[in-house]
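Enquirer: Chains G and E are the protein sequences, given in the same order.
Under my numbering, residues 1 to 651 are what the first sequence spells out, in order.
Under my numbering, residues 652 to 1154 are what the second sequence spells out, in order.
Because the hints were derived from the structure by calculation, they are not lab data.
Computed from a predicted structure; not experimentally measured.
There could be a bad hint or two in this list.
[What the hints assert, rightly or not] Quick partial rundown of chain G residues pointing at chain E, CB under 8 Å, derived from the structure:
{"no.": "1", "residue": "Leu174"}
{"no.": "2", "residue": "Leu185"}
{"no.": "3", "residue": "Ala188"}
Ideal Cβ positions, reconstructed from N, Cα and C, are used throughout, including at glycine.
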Amino acid sequence: MEAILLTIVLSPLLGSALAGLACRKVSRAWAHWVTIIGVGIACALSLYLLKLYAIDGHAVYNQPVYTWMVSDGLRFEIGFLIDNLTVLMMAVVTFVSLMVHIYTIGYMQDEEVGYQRFFSYISLFTFSMLMLVMSNNFLQLFFGWEAVGLVSYLLIGFYFKRESAILANMKAFLVNRVGDFGFLLGIAAVAMYMNSLDYAEVFARAPALADERISILGGSAWSLMTVIGILLFIGAMGKSAQVPLHVWLPDSMEGPTPISALIHAATMVTAGIFMVARMSPLYELSETALSFILVIGATTAFFMGLIGIVQNDIKRVIAYSTLSQLGYMVVALGVSAYAAGIFHLMTHAFFKALLFLGAGSVIVGMHHDQDIRNMGGIRKYMPVTYWVFLIGSLALIGFPGFSGFFSKDAIISAVHHSEIAGSGYAYLMVVAGVFVTALYSFRLFFLVFHGEGPRDEHAREHLHESPKVITVPLILLAIPSVVIGWLTIQPMLFGDFFRGAIQVIPEHDVLAELGEHYHGPLGFILHGMMEWPFFLAMAGVATAWAVYLWRPEWSERIKTALLPLYQVLDKKYGFDEFYQFLFAGGSRVIGRLLWIFGDRKLIDGLIVNGSAKSVALFAGVARHLQTGYLYHYAIAMILGLLGLLTWFVYF
Amino acid sequence: MADWPILSLTIWLPIFGGLLVLGSGDRAANVSRWLALAFAVLTFLATIPLWTGFDSSTAAMQFQEKASWIPAWDIHYHLGVDGISMPLILLTSFITILVIIAGWEVIQKRPSQYMAAFLIMEGVMIGVFSALDAMLFYVFWEAMLIPMFLIIGIWGGPNRVYATIKFFLYTFFGSVFMLVALIYLYTQAGSFGVLDFHAVKLPLNAQILIFIAFLLAFAVKVPMWPVHTWLPDAHVEAPTGGSVILAAIMLKIGGYGFLRFSLPIAPDASHELDWLIILMSLIAVVYIGFVALVQADMKKLIAYSSIAHMGFVTLGLFIVFRIAANADAHSGAVLGSEGAMVQMVSHGFISAAMFLCVGVLYDRMHSRQIADYGGVVNVMPVFAAFMVFFAMANAGLPGTSGFVGEFMVVLASFRADFWYAFLAATTLIIGAAYTLWMVKRVIFGDIGNERVAKLTDLNGREFLVLGLLAAAVLILGLWPAPLIEVMDQSITHLVQQISVSKL
């Protein structure tokens, strides 16, 4: 077993090293073959493990690989925890990664430099992500957590000559670091109170500390579990781009499209969702933390979706869609429907990777023009891309039968059944979000694929379907986007697929309530088609059709009518400007103040050089006393004598 | 093997080599370079038995040598190492090799004297780490100033005179008080033996005065806020090799001083005044982080970054008492101190690497200003890969050594007080901000100007030096267990020692 696990983890790393360290010395074909083989091995073995665990019911594997260090009785280990949650994540990660590897051959064909580097990075990413999901302890989790952040940084800044790209990658890293700051403190709290970093030990010790209270500010007492839960979730807010730490994700679109699909849609950004699901034994002990998660997720789900409606860059529309969908997953976590969150994570990974890679196919066709206003009528030039994009969009809006329908409907129903604080607000947000999702998805779809052909004559001439190396991964991703929900809803939500991996206390178990009314996928579909979300989704599509295809002039009219709202959305609620002013500007002002007044004026000017100067001043005065003239000294002696005598005579 | 005077060998071999190199003169510059390298490598080899032959199951001093030196004052030539000093000695001998190689063709002015200064410096620094007699320690301590004074004063930049005087007076100011404290301790303990100092009982007011005297000496060396302002100036003016030794080794001597003198000799005063050190450490982490952000000079930026990172060392050492007082913390006092030690070793690698990276650029462009660069990756891809790697290590990325110490100290300080950990952990953001912002402006982007366009990538010598450091950073980051194991007994013993009152 250990050999299999090590092979899964190390083969992408080896591929990355072989392609990366010998970057310029190896041919392009070598770079992509060596990495594809590495990830291919990992994928095949992950699928094997999936079968072993999901079908054959293999026992949970939890073993250390090596001891990182032991200090003060605290063991820091590197090790693997393999259960059904892990194997599911491994299968998703390696499968999407493999598709992206193959797709990249076509997408990066015209890149002159960096081809090898790119393959090296995405394989390194696969390694890091696997380390993250396979970890059995907080140390390795944090390692994977930051390592995927590093690769994300490197890939967003892949086109390092572009100013916008190298600004975006720094922003992404720093915003993630704000999240990691909370995450690290959460780990420190766990290490202090549970005195271990091993999941199994921590989960075993947590219930005993459920009523523990700690004081942080003055006399106010906080529940320990709430503090730990919120601190860890701040990490998830950074990685999974939840409001207000979401600002980096839209900018991350500066990276090449394949990594937008892999890292910034399907896998890395879902690390936060995975983490909270993994920590379910801790989160179940604090309703306050769950409510916090719920409200953050619901806010992200609705308000980030709204921005998607006004974006004109094909990738940014999908990026805001990703933010919104991550919000849905977080909402699921907040109502303790962890399994539904993971379920949506999986379906989303397939259809969102499909949408991004489909967008990439369009972008390649359009010669790297990403503005949807310049597109239109692409359907007839790129039939395969058209159909897979349609499948992806239907899955995204939750059209009955498609994978996204099952997962999204499950989340909405779960929120409906939940009684936790904030669930009313969350229900409103996620239901309204369905309309918004349908609207922005089909706005994008109609503007790109339907209507008049591309405005640019030149673009139209060169527009043709992408090569097989691009379309085959698209088709392979389209298949699960359609069928995966139908096939897996039963075991994942209402069966015992996650067994011990996810723990929910009975009072919170909304999925069990749903399960009572569950009668097979077909019944789920029929039931769903009589509910609000379905009608809202259809209304969204109809609106998009009316406004952008049937009566295109309406869109301008609506924009003018709702100008203030449009401007707020266009400015993305002003988060960027606000952060730019407060943090980027503010910290530089503070730095400059401290440097100039603290270091240079006060310490150096006054104290250090000041004491040097006062020595010089004193010496300068004292020097005048020592003139070397005998008569000066004689006078001084006489004056002194006179003074002494006067003293004795009169006192 | 155990009977060999290994410590004496590691002190006097480089000093002897230095004198030999000095004698070889500048006419045959290559001979003196190779000679210097040979002695540096030999010294490194001589330090290896200290690691392999080290008994990590005891906190006692090992490889001890003791001979009478000045019998009238009961001063001995007494050497020995434990798990605290031994890793620092290996760090010294390792870094010295790199410095010699890094200065190879770069130093054209009096190369033999340059090489000799570093060899002598090495011997003296190893002397500081291994001296167990307070007077011997003091002699080595002050002797250290001379080669560094010369290195900055002769091979330094245009403003070197101000920098050297500032450096000299600052550090000398601190050490005078230490001398007074040592002499007082002699009158109390009846000998200059450091281990005797550890055992002697002292009233609280005497301890406090001693603690403050030591603090003045060590705080300047570390350097701690607010006595840190000599460091940026010294770094900016020092040649690359000088900066490397300064950052990688000399700063560690301050941290070592706290471990060897302040804490065990004046534990009650340390307890009494721990708030002061914690405060100064946290200011170093936060305040200096912000100051680093606005630096326009790469070397200044890294110098400030060093001060912030050394804040973790002093924080890790002095949260011991607060952790012991916290009933909820199972333990963690040892964790913090070991974190401080790891941070010292790691900072030795990373700061050395960062200064060498700046040196690589400076040798080509003769500028340290960030604004003069831009888009270096386009012409120096290999160098850029190294620089980004070390920058990430500087920002404490897990998997690199920079993470280990900071992680341990944050974990430990959480056990002392939530807010200590909160402020310390801000380095995750601020440290990444100043490091990556510099990388963005220097490395990334389109080619900034014509001079950048003409840069050539690393040569074999530079590649070797940075490659060795990268390997060290990675190994310590991925597997710190051996280092922790070596120091564990000594640190545990120290923590027990200081938890017993000496009143």
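Enquirer: Evaluate each hint against the coordinates.
Expert: Results of checking the hints against the structure:
no.	hint	result
1	Leu174	6 Å, holds
2	Leu185	6 Å, holds
3	Ala188	4 Å, holds
The structure agrees with every numbered hint stated previously.
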